[in-house]
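Add chains B and C to chain A, keeping to what the hints say.
Residue numbers (the working numbering), protein chains in the order written: chain A, 2 to 191; chain B, 2 to 263; chain C, 3 to 287.
Bear in mind the hints are in silico, worked out from the structure with no lab data behind them.
Keep in mind that the hints are not guaranteed to be accurate.
[What the hints assert, rightly or not] Straight-line distance between alpha carbons at most 25 Å, and here's what the computed BS3-like set of lysine-lysine pairs gives: (1) B:K192 / C:K59; (2) B:K206 / A:K182; (3) B:K192 / A:K182.
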Amino acid sequence: MASGTENEEILDDELDQPDGAGFVPPIIVARYGVLTALTAAVTFATFIYFAPTKGYFNMGDSMVFFCAFAFGWRAGAICGGVGSAVADVLLGAGFFAPYTFLAKGSEGLVAGIIGRLNGGSKLAKVLGVAAGGSCMVVTYLLCEVYLLDVGWGAALAEAPGNVIQVIVGGTVGILLAWYVKRVYPASGAL
Amino acid sequence: MTRFEDLYTEADTFLHRLDPRVKMASVLMLSLLAIIMSALTYLLVLLTFIFVLLLLARSSYRKTTFAMKFVLRFMALIAILWPLFDPSGTPVLIRLGPVVITEPGIWRGLASAARVGCLATVWYILIFTTSQRDLVRGLVKLGLRFDFGLALAIALRYFPTFGTVMDSIIDAQRSRGMEFEKGNIFVRARKYVAVLGPAIVSALKTADMLALALQSRAYGARRNRTYLRELNMRPSDYVALVAALAMFIVPAIAKYAFSIPI
Amino acid sequence: MNVSIAAQSPPIISLQNARFSYEGGVEALRGVSLNVARGENVAIVGGNGSGKTTLAKHLNGLLKPSSGKVLIGGEETSTTSVATLARTVGYVFQNPDYQLFCTSVSEEVRFGPKNMGFGHDDESALAERALKLMGISHLREQSPVSLSLGDRRKVAIASVLATSPRVLVLDEPTTGLDSVESAQLMATLGVLRSEGMTIVLITHDMRLVAQHMDRVIVMSEGRIAFDAGVEEAFSDPDRLKRCKLLAPPITVLAQRLQAQGLLTEGATTPLQLVEQLVRVRGEQQ
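So that you can see chain A by itself, here it is in the shape it has in the complex (with noise of 0.2 Å):
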């Protein structure tokens, strides 16, 4: 993985990379690691918490966002999209798992991309949101629809829950990734 982002570029000066193995350095390699894990138990804990009223809520995609507002589009699609496949397969839906890293990687990767656009700006991160969250709804819809062929039917009633989701999960990802950056900067959060 190139260092694309301003932080990541510190980070590689930082670290000294033992010559030239062509691996990415340990901070990303841990740091991808825990954020996938801690998206994947967000989606878990947060389902079973919401599951007795709110049916299939889950805060997972605040994780996505934070993952990608804070640490940039790659963070966004490669934790927030393995993150919330592995919580599927975890929960015990893992036929959906794929779609699952297809819909929430996306909505990761261009929440990331449109979310740090003009320094990360408090519209930039509501845009990311939207676009991003369309992004997974729509992914949703398609492969469930023309994939998994479960028809328009099943694949409309599921819809409405994933825009709640991205709503509520888009505002609450906002005020982490602020958050983080304000009480943890060595993290290099942005």
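For chains B and C alone, coordinates are given in the frame of chain A:
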């Protein structure tokens, strides 16, 4: 998070002994098979076959129901809603204004539900019988970059840890009078900032420590690292691989080359 | 133990044959009965997995007994919300990082009172008092995450104290503190104690127990192995060992000296030991 359970159980069945790469290939083949099949009967046969494999993997009753837990609701949804959106074919059973329900529509709905059932459960043949370590090792052998594999291994390792962390944070905030059960979904979600904030900070601190540990163990010192335990394909692995490939290829040829409806 | 208070008012904490099993079947409490009087200072000790944290989580309703009763201030926890119980019982978690989430210390300390709806003026007064008690008024504007572990722990305790509880439960409050910080913390608890606060301390540090607590409840395999005053609790090394515990070094030393006939009574703190030695010397002369 207390409901989380480790899906992998140690045992000594032929599925456990099989090379993880072969298991991944088999799951892929069976999934593709489910996708190309459209006859309800054959899909039910495949679903039964998958369950036989799960039984052979000695997965407990609890785990088998776990694998079916979410998909059952989804299958019901498909079976009910499909006919409403698929008015093609005859005989027409019900005509209510714009809604037309046909008999083939109902069968197609059931077939689609069975297909989703297959796709949902076939995964767990792999997950129930393969340890995290073998899973990651198999992926790395299949060409996943070592550093990405390592990140995945870290993710799987820390998932239960962070689950416990979140539980503790929720307990701590409740102890200070925070009520997560109150308010509408937006109010409740905002309260989660008090949980996710500390969780993220402690996760990032963990990452900083892990990075130091990786460096001190000469991570990235050489590109072609060696392994203590290599994965080696045994003759039985090849047999299983060929069988899995045949299970997809033969029906595929029958369907697309000879137009046999399956 | 403050016997006069203990004898008069009804117990603030009362467990009656409380049992608890975690999901998945592990029985963590197997019939626990105990009373704690107002103003008492109780240590809950025991090996890992003995059920001490499970017991502590019953004290503010985070866990509800599967059978038996837990009464806090006379109210049964199984029918009372955690938020309501939090007005009576303050619970300080072992890891302050799992609790602190605000961007400034003062905001953090106000969080609890705000949840409980004390009103703005009371909130400020309570927060100020808690900050002062913990000696961290000067950190008011800092971000809790950036503080040292000792200070983070103080903020965590202050944020619980600000809800003005009558009982304070502390889970391993000295882990990771150096000896000066640890002594400071215990001194603060001493102040609270003199104000009549009931303190329940979960700890592995027997020296702390010997120095600062009145009563020891030893947990073993989900049951109370024994419940006694500090001196009595540490008097039988074999019994302690069966519960995976060791007496504090001073107690062991005093026991050895007693065995040699150099002391007539045991001791649990350095001060007691010195007093004993002085007395013995006085008698010899």
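So, going through the hints one by one against the coordinates:
A hinted pair counts as satisfied when its Cα atoms are at most 25 Å apart, and K192 (chain B) with K59 (chain C) qualifies at roughly 22 Å. Annotation: proposed proximity of K206 (chain B) to K182 (chain A) holds, straight-line Cα distance about 14 Å (limit 25 Å). Between K192 (chain B) and K182 (chain A) the CA atoms are separated by roughly 19 Å; this keeps the pair inside 25 Å, and the hint holds.
Violation of the numbered hints given earlier is absent; every hint is satisfied by the structure.
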